[in-house]
Amino acid sequence: MRHQAQFSRREFLKTSANGSVALILGFYLPVRGSGRDIPDSRVFRPNAWVRITPDNQITVLTEIPEVGQGPRTVDTMMLADELEADWSTIRVEQAPVIPEIYQHLHTGGSGGTGSAWDYMRKVGAQAREMLLTAAAQQWGVDKKDCRAENSAVVHGPSGRRFRYGELVATASKLLAPKAESTPLKSPSEFHFIGKSIPRVDVPSKVDGSGVFGIDVRVPGMLFAVVARCPHFGGTLQSYDATAAKAVPGVHAVFPIAPLGFLPKLERNINTAGGVAVVADSTWSAMQGRKALKVSWDKGPNTSETTEAISKQLKEQAVAPPSFVAVNQGDALRALQENVKKVDAFYELPFQAHATMEPMNTTVHVREDGTEVWSPTQIGKLVQEEITILSGLSAKQVTVHMTLCGGSFGRRYQWDYAAEAWQVAKEMKRPVQLIWTREDDMQHDFYRPYSYHRMSGALDAQNNIVAWSHRVVSTPIRAVFDLPETLQDPKHVASQELGGADVIPYPVSNFRLDYSPVYSGVPRAWWRSVAGSFNGFAIECFVDELAHAAGLDPYEFRVKLLRDDRKLPGIRSQDDPPLDTRRFRAVLQLAAEKSGWGSPLPAGQGRGIACCYSFDSYLAHVVEVSVEKDGTVHVLRIVSAVDCGTAVNPDGVKAMTEGAVNYALTPVLNGEITIKDGAVEQGNFDGYQVLRMSDAPDVEVHIVPSNGDPGGMGETGVPPLGPAVANAVFAATGKRIRRLPIDPASLAANPPVSS
Amino acid sequence: MTNIAITINEESYRIDVKPDTPLLWVLRDTLGLTGTKYGCGMGLCGACTVHLDGEARRSCQTPVGSIGAKKITTIEGLSPDRSHPVQRAWIAEQVPQCGYCQPGQIMQAAAFLASTPHPTREQINEAMNGNICRCATYQRIRRAMQHASGQNA
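Protein sequences, first through last, are from chains A and B.
Counting with the numbering used here, you get residues 1 to 754 for the letters of the first sequence.
Counting with the numbering used here, you get residues 1 to 153 for the letters of the second sequence.
Because the hints were derived from the structure by calculation, they are not lab data.
Some hints could be false.
Below are the BS3-like pairs computed for lysine-lysine, each with C-alpha atoms no more than 25 Å apart in a straight line [unchecked claim]:
1. K18/B to K245/A
2. K380/A to K264/A
3. K195/A to K593/A
4. K245/A to K428/A
5. K395/A to K428/A
6. K18/B to K293/A
7. K18/B to K70/B
8. K290/A to K18/B
9. K675/A to K293/A
Assemble the whole structure, with the sequences as input and the hints as a guide.
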């Protein structure tokens with residue numbers, strides 16, 4: 001593979017603006033398997049994202065990994081709109097992992113659509129302008145009299161037309177125009193953006209042809225599993241491979257070392273190490289592992305239990321904090337001075353990602369380089385870490401990003417690809433390392449365990465005059481970062497306060513502080529990260545304040561939000577501020593569409609909650625019924641979303657439906673519990689994820705907007721839990737203090753223990 | 001190892017594996033039919049669902065030696081061109097997100113609708129409750145099944 005251009009995307013666009021070397025980049029863009037590295041007039045490659053051939057075929061390369069959120073469709077829509085392309089002639093490919101050219105080979109923080117919005121339209125417009133120029137040249141007419149439509153250039157005065165394919169030879173000789181000054185369309189001119197275009201990946205997902213990481217098949221490949229110590233931080237003491245090697249099909253059994261902090265990556269990649277069993281099939285590898293005799297040194301965390309962590313969190317909730325994030329006015333004094341005071345606490349335990357496709361990666365270590373096939377959210381880092389681990393150059397490490405069977409933050413990790421490389425380098429053949437469901441569930445990077453102590457006060461007019469929020473959690477940063485950086489309490493807190501630092505409601509005295517609790521349980525980004533716990537605490541607490549004020553929870557919110565304000569966050573001034581007008585509008589839309597205030601049968605209740613996260617605004621109204629034994633059924637959900645431009649509205653709806661129902665698991669059933677420093681659940685019998693009979697229909701309403709697109713992959717999660725809890729309160733008069741909901745705490749007649 | 005004869009998607013295969021090997025791994029690793037997915041290995045998630053003589057079965061819980069003359073159908077063999085009514089409905093309703101569990105969902109739905117052509121919502125929930133989707137496309141699966149059965153969602 002050859003790539004001469006070493007530009008960043010920003011530099012590339014800048015270079016294009018000079019019009020000098022952009023075409024060189026285009027021509028030298030490696031096309032897998034083609035062997036082309038010289039200029040070719042049979043392919044028009046104005047830039048690294050689009051190719052057009054004389055048969056009118058348009059190939060679009062999209063960068064963002066496909067984990068279920070639809071970037072291959074959405075990003076192509078942006079480019080195709082500016083290109084004035086005929087949608088039916090477009091083929092979409094995953095862009096190769098060449099980070100010098102492709103700088104968005106990752107998805108996280110729901111940022112995919114927002115990050116593509118600018119460059120995918122610009123490169124589409126750039127290609128369009130070149131095709132217009134080529135047509136004008138071929139006809140010998142003024143370019144101003146030409147227009148592009150449906151993969152053709154039309155000369156207005158004469159009505160003549162060229163299909164794009166007919167312009168390839170001329171266009172491929174042109175210099176690229178300045179990308180910055182290339183005119184972009186106005187929203188009224190969009191053909192694709194704003195329309196519900198069927199997803200390009202769906203056909204391959206209904207006939208079994210889509211290739212996920214676990215489906216990669218390479219000639220001569222072997223399959224491997226790793227026996228890992230179930231206790232976090234435990235290590236291999238000794239093992240006896242005799243019986244494992246006797247299992248038919250087993251090729252090799254060997255230990256692999258745990259991988260910790262990689263200085264060059266500035267990250268702890270956190271693999272457990274253990275014993276690898278390599279075989280000619282996944283089943284043989286699993287049987288080999290079963291036959292393996294291993295003894296573990298259980299490590300330093302064996303006293304850890306869910307109860308012990310919970311106790312520490314509660315202790316820290318009343319001790320002095322390690323970090324005060326916000327201290328506006330004097331919340332503590334205001335709490336003493338006002339009569340209407342509310343105190344509340346909320347506890348949210350560990351959650352697993354439990355993607356349907358368990359972790360896996362296939363690696364072939366050859367003499368001339370290493371090839372990797374990984375279902376990853378971040379192809380660039382997989383290449384980087386294997387480069388660092390192996391000592392090879394980036395050019396020698398080819399990474400293929402496959403379809404991902406779910407992600408939700410789990411595939412932003414380095415661990416499984418690194419492990420697969422460790423195993424494969426011992427073999428002369430390609431090896432697919434598979435994690436069984438149990439491996440996946442017991443060696444995840446879980447949502448942090450958090451505890452929230454809230455205090456608030458209202459004045460006589462029911463304004464919020466004091467708001468104090470103590471977040472205590474097992475912090476994410478402590479899992480990855482250098483011990484030195486963890487000396488800084490602000491740094492430790494930096495992943496834990498999302499959604500808690502900006503309160504949309506006017507609060508005259510506001511305090512947010514934080515304390516960490518140690519845990520050996522790995523944690524990381526779980527769909528919506530801190531929003532999933534802070535959103536719960538905040539929107540439950542607002543409901544409690546509304547109750548204290550004696551007001552309807554929706555009316556209370558809207559009344560507080562009467563003035564339009566823009567509220568910047570504490571993390572980065574670059575982030576768009578919270579716009580209370582948009583926040584209020586989604587609350588109003590959800591209330592209106594749900595029939596807020598209309599009567600419900602006895603035993604039912606309606607709850608509302610709204611959060612701003614990932615640059616989008618989302619409100620849910622949830623209706624529940626609570627049975628006499630306390631069982632909660634979620635009957636109906638009405639959601640209103642303002643995500644700026646909804647590039648593909650059906651995709652926005654799908655993401656909301658999915659996020660809502662993903663978020664129901666930790667509310668209704670799901671919990672990862674710890675005993676002896678190990679996870680107690682191993683499969684879907686222990687970790688109860690949402691099934692169809694508990695999944696309500698979600699009705700999604702989108703606020704029309706021409707603004708920049710915000711994120712949608714995670715935005716539906718934070719307000720879901722509190723909307724359910726608030727609905728349960730409306731039905732029963734009982735507050736939810738801990739998730740998942742314990743039906744016994746809601747039972748009309750608490751069960752008598754016998 | 002035993003020489004075992006099985007029929008998959010109307011083709012005959014002879015394979016050399018232990019009879020207690022789950023069909024799932026024969027499909028995926030021995031024959032390269034990777035449309036059938038591994039999700040849990042315990043019959044808890046339904047990702048590995050195939051048909052044996054038209055009935056939905058969890059291939060991770062089906063020893064290949066127990067199948068005998070029963071005809072196996074996998075997602076690859078449900079139709080040659082995504083024309084099965086359930087596949088068409090899945091496309092029309094844009095069901096898949098990540099898509100990993102969908103072959104199992106589709107096989108489960110196709111077998112169920114063959115025996116219950118006009119199901120109620122409750123019957124759909126009951127029939128599909130063994131199939132987990134972490135993207136939580138449940139609402140669209142319900143809609144697609146109603147669509148496939150000729151009912152307006």
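Status of the hints after comparison with the structure:
1. K18/B to K245/A: Holds. K18/B to K245/A sits at ~16 Å (cutoff 25 Å).
2. K380/A to K264/A: holds, 14 Å
3. K195/A to K593/A: Roughly 22 Å separates the two Cα atoms, so the pair holds.
4. K245/A to K428/A: holds, 18 Å
5. K395/A to K428/A: Satisfied, since the Cα-Cα distance of roughly 20 Å is no more than 25 Å.
6. K18/B to K293/A: Since the Cα atoms of K18/B and K293/A sit roughly 23 Å apart, the hinted pair holds (cutoff 25 Å).
7. K18/B to K70/B: holds, 18 Å
8. K290/A to K18/B: holds, 16 Å
9. K675/A to K293/A: holds, 23 Å
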